[in-house]
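For reference, the chains in residue letters:
Number of protein chains: 2
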Amino acid sequence: MPMPYELYYWPTVQGRGEFIRLVLEEAQAPYLDIARLPAPRGGTQVLMKVLAGKDGPPHFASPVLKSDKLLISQTPCILSYIGPRHGLAPKGEPGRLHALQLQLTLADLVAEVHDSHHPIASGLTYEDQRPEARRRAAHLVKDRLPKFLGYFEQLLAQDGEHLVGRSLSYVDLSAFQVMSGLLYAFPRAMAHLAPQIPRLLSLRERIANRPRIQAYLESERRLPFNQEGIFRHYPELDVIDREAP
Amino acid sequence: MPMPYELYYWPTVQGRGEFIRLVLEEAQAPYLDIARLPAPRGGTQVLMKVLAGKDGPPHFASPVLKSDKLLISQTPCILSYIGPRHGLAPKGEPGRLHALQLQLTLADLVAEVHDSHHPIASGLTYEDQRPEARRRAAHLVKDRLPKFLGYFEQLLAQDGEHLVGRSLSYVDLSAFQVMSGLLYAFPRAMAHLAPQIPRLLSLRERIANRPRIQAYLESERRLPFNQEGIFRHYPELDVIDREAP
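First to last, the sequence lines map onto chains A and B.
The first sequence runs 107 to 351 under my numbering.
The second sequence runs 107 to 351 under my numbering.
Looking at chain A on its own, in the form it has when it is part of the complex:
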């Protein structure tokens, strides 16, 4: 029996850790969500030690995944490792590279969503940068979301069901998460965009209805969206019908 994976990530938010959780859940791969376990085995102090390089080189940020003795960080890097191990990535090198490329593009979108409520500094609160957030979010909604989502919609037009290759991959699972987060954070803007992205909305539904994902979403392992994560719902940022300032 292989050792269960160990996921090191903040215990109260979906955040970037969620992209890893979704793959492990769909793969039915045993894993421990370490920082959510009680101390001394778990807790954020254990996470901090792993980041600092307790068992190897230091990591700049979480999530970190431990697979046997290997410690890996950076979400797209982790996914490029676990995807192929569990049949959730294309088999050949061109497909693997394409999957990583798309994941990096999703990661760019996620970073832009984060910065829509933190355009000045991640070390400040939202309230400390609200005017700038209103301005940045208006551009996100008006220009960036249509551009990013339009790109992925165009890719789905080719295969119809999957973003890369001809079967489910970690990229599809990540797109599910991004779409779910956007629907939570920007319900008005997403309703406005919906007619332009039918295939992405359908992909999100299909994945939500996969038995393992559905069971996960209904479990306590799935943290709810909240106002500390990447996807936050601030009604004043969910604007349409006005010119970006």
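Hints are not guaranteed to be accurate.
For chains that are exact copies, the list does not tell them apart, and a pair is met inside one copy or across any two.
[Claimed, not checked] SDA-like, lysine to any residue: derived pairs with alpha carbons at most 20 Å apart:
{"id": "1", "residue 1": "Lys253", "residue 2": "Met296"}
{"id": "2", "residue 1": "Lys155", "residue 2": "Arg142"}
{"id": "3", "residue 1": "Lys172", "residue 2": "Pro317"}
{"id": "4", "residue 1": "Lys253", "residue 2": "Thr231"}
{"id": "5", "residue 1": "Lys197", "residue 2": "Tyr187"}
To be clear, the hints were calculated from the coordinates, so they are not data collected in a lab.
The hints should help you fit chain B onto chain A, whose structure is shown.
Using the frame of chain A, we list chain B on its own:
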């Protein structure tokens, strides 16, 4: 003879394309910098066609690298492909993953540097977002640069010469580029930080003095830093000694 690589990137800036150029130059791998060639073979129209998916799936953004029939985009993804082909990446899987992890962290830093002069929208000019840029840049200089560079300095303390593995890799070449860009954009802040990052400064010097890199830097193939790229020198953003607003 293999076909020369074809690099598709904006013709007037170093930008993210520079990370690819540095690897190809160090590897002495034949390549064509397509958008810098005269039309109809080159020019930005050819770049736009490749982005739109002329020879395969569309790409969200440049750089795009063509290797025989394979078209790859997203800088860290391209590097994870060409690094191993030219002996500029660790040999085993753990080292390859570590290299990709570090490259993604450098990419995060590059994105934060870009956003220090474009904190609201990449579609606006710098002048349209100057007050916000002053605020974001102050946090970059005060908090983020010390954190990112301190992380890489700590890694160099382990091997002394290389960021990953025991020989030169694409990560070292990318760190050279990031350090060069920061020294151009933030000379005062970097002088202030210098005592804390001697190993990174030394790495930059060593790589600048490698014969192939030196020849490249002195050639016309190396575009100069300028005020349209990622690393821009705005004196009002290069601040120290004041509290981040």
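- Message: Cα distance capped at 20 Å. Does Lys253 pair with Thr231 within a copy, between copies, both, or neither?
- Response: Cα proximity of Lys253 and Thr231: across copies only (19 Å, versus 28 Å in one copy).
- Query: Given identical chains, is Lys172 near Pro317, meaning Cα to Cα at most 20 Å, within a copy, between copies, both, or neither?
  - Reply: neither (26 Å within a copy, 40 Å between copies)
- Checking Lys253 and Met296: alpha-carbon separation at most 20 Å within a copy, between copies, both or neither? within (13 Å within a copy, 36 Å between copies)
- Message: As a check of your reading, is Lys197 near Tyr187 (CA-CA no more than 20 Å) within one copy, between copies, both or neither?
- Response: both (13 Å within a copy, 16 Å between copies)
- Query: Using 20 Å as the alpha-carbon threshold, which applies to Lys155 and Arg142: within, between, both, or neither?
  - Reply: Answer is within; shortest intra-copy Cα gap is 15 Å, inter-copy 48 Å.
Of the numbered hints given earlier, the model fails hint 3 alone.
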